[in-house]
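Order-wise, the sequence lines are chains H and S.
Position 254, counted from 1, in the first sequence is what the working numbering calls 254; the numbers after and before it change by one each time, with no gaps.
Position 124, counted from 1, in the second sequence is what the working numbering calls 1124; the numbers after and before it change by one each time, with no gaps.
Each hint should be verified, as a subset may be incorrect.
To be verified - Using 20 Å as the maximum straight-line C-alpha spacing, the simulated SDA-like pairs for lysine to any residue come out as follows:
(1) H/Lys235 to H/Pro259
(2) S/Lys1211 to H/Phe155
(3) H/Lys235 to S/Gly1184
(4) H/Lys72 to S/Arg1072
(5) H/Lys215 to S/Cys1220
(6) H/Lys215 to S/Arg1072
(7) H/Lys235 to S/Cys1217
(8) H/Lys145 to S/Thr1219
What the hints assert, rightly or not - Restraint-style ranges between C-beta atoms, simulated for each label pair:
(9) S/Thr1225 to H/Val264: 23 to 31 Å
(10) S/Ser1103 to H/Cys98: 48 to 56 Å
(11) S/Pro1049 to H/Ser219: 46 to 54 Å
(12) S/Ser1213 to H/Glu108: 52 to 60 Å
(13) S/Ser1170 to H/Pro223: 52 to 60 Å
(14) S/Thr1109 to H/Arg106: 17 to 25 Å
(15) H/Asn269 to S/Pro1090: 50 to 58 Å
(16) S/Ala1155 to H/Gly250: 22 to 30 Å
(17) S/Pro1049 to H/Pro223: 38 to 46 Å
(18) S/Thr1109 to H/Glu202: 57 to 65 Å
(19) S/Met1112 to H/Thr114: 35 to 43 Å
As the list claims (entries may be wrong) - Some chain H residues judged to face chain S by a derived CB distance under 7 Å, without partners named:
(20) Ile87
(21) Pro94
(22) Phe95
(23) Asp217
Hints listed in this document are in silico derivations from the structure and should not be mistaken for laboratory results.
If you're wondering where the values come from, they're calculated on a predicted model, not measured in any experiment.
Beta carbons are placed, not taken as given, at the ideal position from N, Cα and C, and that holds for glycine.
Next come the chains, spelled out residue by residue.
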Amino acid sequence: MFFQRLSLVVLLVLTTVACHSAASAAGSEPKLSLLPPIAAVAVEPAVAPPGTPRKIIVAGIWPNSCIPTGAKLGFPQSWARTQGVGILLSEPLPFVACFSALTPYRFELEHTPTVAGQIDILVMTSEASPLATGHLVTGSAEAPKALYDMTGAWFDPQSAGSGFMVAHDFGKSDDIFATWHAYDPTTGETRWYWVQQGKWEENGMAWRGVMFESKADPSSCAPPCALPLTQVIYKGAVRLVFSVSITHGGLDASMDFIPTDGPVRRIANLQRFLPRTIVIQ
Amino acid sequence: MKTRAFATFVLLAIATLAYPSGRGDGETGTKLSPVPPVLGITVEPLVAPPGVKRTIHVGGFSTDACVPTEARIGRGRQTLDVAVLLTVPPTTAVCAQAFATWSFSLEFTPDMAGNRDILVMTTEPGALGRGTLVTSYSTAVRSKFNINGAWYDPATNGSGMTFDHRYGGSDTVFATWQIYDANGDPRWLSLQQTRWTGDGSVLEGTMYGTKSSPSYCATCPSLLTQVEALGEARITFSIVQGRLRGAFDSVHAGGTQRIADMVQLLTY
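Build out the structure end to end from the sequences listed, making use of the hints.
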């Protein structure tokens, strides 16, 4: 999938470069300036249990013929408390003559994680030039892990004014705590529910948790005021399925409600409210 | 000031590390598990326009003598990112057990506005972490902290706020406040049109209440039909005993009223 997309980008670039050359020869039309990706990181398989050999692929189109000559993978020193993967690409020595030519390159590095979790992958060259970043996600059926950070405000454009606030401890506990903001069916007043105690599914793109409603004792406090809850009501289960959108390159999510007494119901097709990092590669 | 704070942290870390080792293996007490600042990345000035020389400080703490000996800075060929490559002894080198601190100050002049990642790595490839370099023409105050996530006041556990914060980006904050009405029924408000003030630790914005038309089910979302501004809110963030806290005040003509002293439910 990754390389299909990369190939598509390369084709587009070559087409654009060809068109550009033709255009330059013909006259003074505005230049197109679509740059090919110098580097992208992919992991195959994207999620796998601890102990599974993984392939970390760094590939791209170098702007000249002096492509990196080697790649080395490693972990921080013993004193480091984070365990991000570092990949250092060796650049040719500065006095080597380089031709101007888009040159593809590709490195495949093997690594076998021993523990479940999400860690950073940083790629840079021996000349301290940053190239790309990614994540190595290791999870299993027993210890599933999310593929992306889902933190943020989500809403369905069909029901703007309602929404889902997600706090996701990505890279650490991977817990999700979320609040679902809706309205009272009879009065139209605001009403909220909380969703937690969930678990990721093995592919790291679906999560199932439990929805509760809470109440407080009547109070003489002049609103708005925060109160401790005194009653918790179980409402049912919630399943979120995340997907990468080929329209905007970010994440979308479907939200299904599984009540205690009724059929599964699609509640919302969610998008992020504030713009997020593009996750597509 | 920053150096002093870092030194204090290091001293604390050393003291805490030394303490459990002094207790010996024979004891069965709860182990302390301090996390010393292996890597700190700061930028001075924090925000500046393009063309202004910036100093990136990268420093840390090591439990052996094989600390970084040199640091190089480089820019991305295609991205706006900045890389800091730390030269460390080869993995085959023998490293004496010793507490050691290290730090480097590197100069970098961004040529265009935007937010760049600062990626820090070692020559024996190891990803140490990342920071953010913010370059902006705007004189608007930027946030000092990433406040993303769910917050609550332990004194009113069951109420809370959830923030969506574009930290390191637009710095926009959208938040919801989960509370109860006089009858004890759950109600929520939103905090919008936010701005950072002071030294970047104070968030101010407007609280809004919304209503919808009656709908067909309680858990179903529905379109809002009414919006009402309920007043101004101010949240002052600070680090107390190593933990980020938020003091939430409602602001009105007569002054302010403390509503909640919040901590993060999930720690980021």
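Here's how the hints hold up against the structure:
Simply put, H/Lys235 and H/Pro259 have alpha-carbon atoms about 6 Å apart, close enough for the 20 Å limit, and the pair holds. Between S/Lys1211 and H/Phe155 the CA atoms are separated by roughly 16 Å; this keeps the pair inside 20 Å, and the hint holds. Distance hint between H/Lys235 and S/Gly1184 is fulfilled; the C-alpha atoms sit about 18 Å from each other, no more than 20 Å. Restraint check for H/Lys72 and S/Arg1072: the C-alpha separation of about 18 Å stays at or below 20 Å, so the hint holds.
Distance restraint check for H/Lys215 and S/Cys1220: the Cα-Cα separation of roughly 19 Å lies within the 20 Å cut-off, and the hinted pair is therefore satisfied. Annotation: proposed proximity of H/Lys215 to S/Arg1072 is violated, straight-line Cα distance about 57 Å (limit 20 Å). Between the alpha carbons of H/Lys235 and S/Cys1217 the distance comes to roughly 13 Å, so the proposed pair stays at or under 20 Å and holds. Restraint check for H/Lys145 and S/Thr1219: the C-alpha separation of about 28 Å exceeds 20 Å, so the hint is violated.
Between S/Thr1225 and H/Val264, the C-beta spacing of about 28 Å keeps the proposed range 23 to 31 Å intact. About 35 Å separates the C-beta atoms of S/Ser1103 and H/Cys98, a value inconsistent with the hinted range of 48 to 56 Å. The given range of 46 to 54 Å is respected by S/Pro1049 and H/Ser219, whose C-beta atoms sit roughly 50 Å from each other. Checked against the hint of 52 to 60 Å, the C-beta distance between S/Ser1213 and H/Glu108 comes to roughly 57 Å, which is consistent with it.
Evaluation of the 52 to 60 Å hint for S/Ser1170 and H/Pro223 yields a failure: the beta carbon distance comes to about 31 Å. In this structure, S/Thr1109 and H/Arg106 break the distance hint of 17 to 25 Å, their C-beta atoms being roughly 34 Å apart. At roughly 53 Å, the beta-carbon separation of H/Asn269 and S/Pro1090 lies within the given 50 to 58 Å, and the hint holds. The hinted range of 22 to 30 Å is not satisfied by S/Ala1155 and H/Gly250, whose Cβ atoms lie roughly 37 Å apart.
With their beta carbons about 44 Å apart, S/Pro1049 and H/Pro223 fall inside the hinted range of 38 to 46 Å. Between S/Thr1109 and H/Glu202, the C-beta spacing of about 47 Å breaks the proposed range 57 to 65 Å. A beta carbon spacing of about 42 Å between S/Met1112 and H/Thr114 agrees with the range 35 to 43 Å that was offered as a hint. Against a cut-off of 7 Å between C-beta atoms, the interface hint on H/Ile87 holds, since the closest Cβ of chain S lies about 6 Å away.
The beta carbon of H/Pro94 comes no nearer than 13 Å to any beta carbon in chain S, farther than 7 Å, and the hint placing it at the interface is violated. Restraint check, H/Phe95 versus chain S: the minimum CB separation of about 18 Å is more than 7 Å; hint violated. Checking H/Asp217 against chain S by beta carbon gives a least distance of about 5 Å; that is within 7 Å, so the hint holds.
Of the hints listed earlier, those the structure fails to meet are numbers 6, 8, 10, 13, 14, 16, 18, 21 and 22, in rising order.
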